[in-house]
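K.L.:
Heads up: the protein sequence lines correspond to chains Y and R, in order. Per our numbering, the first sequence runs over residues 1 to 167. Per our numbering, the second sequence runs over residues 1 to 203.
Derived by calculation from the structure, the hints in this document are not laboratory data. Please note: incorrect hints may appear among the correct ones.
[Unchecked claim] Residues on chain Y that point at chain R, a partial pick, calculated with CB under 7 Å:
{"no.": "1", "residue": "L7"}
{"no.": "2", "residue": "H43"}
{"no.": "3", "residue": "I90"}
{"no.": "4", "residue": "Q94"}
[Stated by the list, open to error] Beta-carbon label-pair distances, calculated as ranges:
{"no.": "5", "chain 1": "Y", "residue 1": "E123", "chain 2": "R", "residue 2": "A189", "range": "19 to 29 Å"}
{"no.": "6", "chain 1": "Y", "residue 1": "T66", "chain 2": "R", "residue 2": "D122", "range": "39 to 49 Å"}
{"no.": "7", "chain 1": "Y", "residue 1": "G106", "chain 2": "R", "residue 2": "N147", "range": "36 to 46 Å"}
{"no.": "8", "chain 1": "Y", "residue 1": "Q17", "chain 2": "R", "residue 2": "N152", "range": "41 to 51 Å"}
{"no.": "9", "chain 1": "R", "residue 1": "D153", "chain 2": "Y", "residue 2": "D20", "range": "35 to 45 Å"}
{"no.": "10", "chain 1": "R", "residue 1": "I114", "chain 2": "Y", "residue 2": "L69", "range": "41 to 51 Å"}
{"no.": "11", "chain 1": "R", "residue 1": "G128", "chain 2": "Y", "residue 2": "V80", "range": "17 to 27 Å"}
All residues carry an ideal CB built from backbone N, CA and C; glycine is no exception.
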Amino acid sequence: MGNNRTLVSSQLDAAMQVLDGLWTELAPRFLGLITTSGHMLTHVAGSFRGSVDSLASLASGSFAATRQLTLLMDGCDLNVMYQEGCDVNIYISQVTEDVLLVICFGKGTQLGKVRLMAGRAKEPLALALESADEPAAPVPGGDDYARGVSQAIDELLSIEGEQSGTD
Amino acid sequence: MALINLAAGEINYKIVYYGCALGGKTTSIQHVYRKITPQVKGKLVSIATEEERTLYFDFLPLTLEKVRGLKTRFHLYTVPGQPQYNASRKLVIQGVDGIVFVVDSQLEHLDENIEAYLNMWDNLADQGDSPLDLGLVMQFNKRDLTNVFPVNDLNELLNQTGSPAVESCALTGEGVFEALRNVTKQVIARTEAAEEMAPGSSR
Ligand SMILES: Nc1nc2c(ncn2[C@@H]2O[C@H](COP(=O)(O)OP(=O)(O)OP(=O)(O)O)[C@@H](O)[C@H]2O)c(=O)[nH]1
Ligand SMILES: [Mg+2]
């Protein structure tokens with residue numbers, strides 16, 4: 001686990017600028033960058049009121065499964081996935097090896113435009129996420145952080161809690 | 001691999017419950033969902049068959065209060081234990097930081113446990129990982145039943161890494177928090193160690 005991924009503010013700021021541009025062009029319901037392991041990096045929720053964590057986990061899982069399915073079917077790697085819903089459509093495209101762009105949009109937005117804009121956003125997003133100007137800092141607080149979290153875990157997951165926690 | 005999102009002020013970890021079919025992975029994560037302080041938990045999402053067997057995964061996010069200005073988030077997942085779902089298991093363990101290996105302690109399930117354990121090593125190796133580099137806890141489950149292996153035997157048969165072992169009954173929840181506490185502390189300690197070894201590395 002020596003290869004943690006650290007994201008610094010300048011990276012997310014640059015990525016957010018690209019997302020803002022997409023937001024203006026597409027007026028989607030939701031825009032987000034997630035990792036292939038299911039973590040949300042950043043997002044613009046718009047009218048989406050559901051759980052962002054569930055969205056990240058399901059979108060990454062769905063993309064990963066479809067990708068394996070296409071590999072199985074025709075040996076081709078998948079880098080874009082589109083799902084048409086009743087009211088909201090979902091478009092997912094691979095930005096870097098471990099980051100996906102998720103766009104949820106309504107019937108008022110054309111798929112072709114989403115495809116075009118997502119394609120154009122790919123390179124600047126990849127650039128934003130891959131090149132950190134500032135060297136990544138170690139975990140702020142170091143020892144103190146680890147000690148504090150360890151204590152918080154003890155409190156949260158105490159045996160007493162296990163028996164008398166709320167239902 | 002932990003995701004340290006300094007921009008958002010949070011560190012994200014992925015913890016996966018692994019083990020043979022019907023061993024008690026889903027029951028364990030359901031217990032955590034039911035009994036943990038409501039403020040820290042998100043929604044429990046399960047992709048399961050009609051018979052409530054895990055088809056793809058269960059997912060439960062936990063968010064701890066800020067420490068030193070950083071939120072700590074644990075994303076808990078279970079894998080589907082049935083042998084035919086190996087492709088799904090491989091996807092779920094992508095980017096894993098810690099594993100709770102749930103063992104069905106019953107005598108007649110030894111072979112399934114061993115198969116699942118070896119399968120975990122194989123799948124981790126395929127993604128360039130090893131149980132030796134992750135947080136790992138053995139959760140010996142179904143200790144409420146009578147036809148079970150003694151803990152010593154299970155350790156000898158399955159715990160090849162000499163990892164911490166916790167006895168549990170996921171049905172009542174006994175031992176479930178303890179196993180989770182142990183693995184989360186391991187991953188925190190490992191992040192710190194990794195950061196010390198490679199300060200300034202961005203990945
Ligand atoms: N007696 C007893 N039964 C248990 C215990 N834990 C789980 N079970 C039962 O075992 C069965 C399977 O539990 P699950 O949690 O669904 O198993 P799983 O590991 O998620 O199985 P898959 O999703 O197929 O991989 C259920 O009927 C549970 O009620 C335990 O500690 N003791
Ligand atoms: Mg299950």
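K.L.:
Compare the structure with each hint and give your call.
P.N.:
Here's how the hints hold up against the structure:
no., hint, result
1, L7, "5 Å, holds"
2, H43, "10 Å, violated"
3, I90, "16 Å, violated"
4, Q94, "14 Å, violated"
5, Y:E123 / R:A189: 19 to 29 Å, "38 Å, violated"
6, Y:T66 / R:D122: 39 to 49 Å, "23 Å, violated"
7, Y:G106 / R:N147: 36 to 46 Å, "56 Å, violated"
8, Y:Q17 / R:N152: 41 to 51 Å, "59 Å, violated"
9, R:D153 / Y:D20: 35 to 45 Å, "59 Å, violated"
10, R:I114 / Y:L69: 41 to 51 Å, "30 Å, violated"
11, R:G128 / Y:V80: 17 to 27 Å, "26 Å, holds"
When each numbered hint is compared with the structure, violations occur for hints 2, 3, 4, 5, 6, 7, 8, 9, 10.
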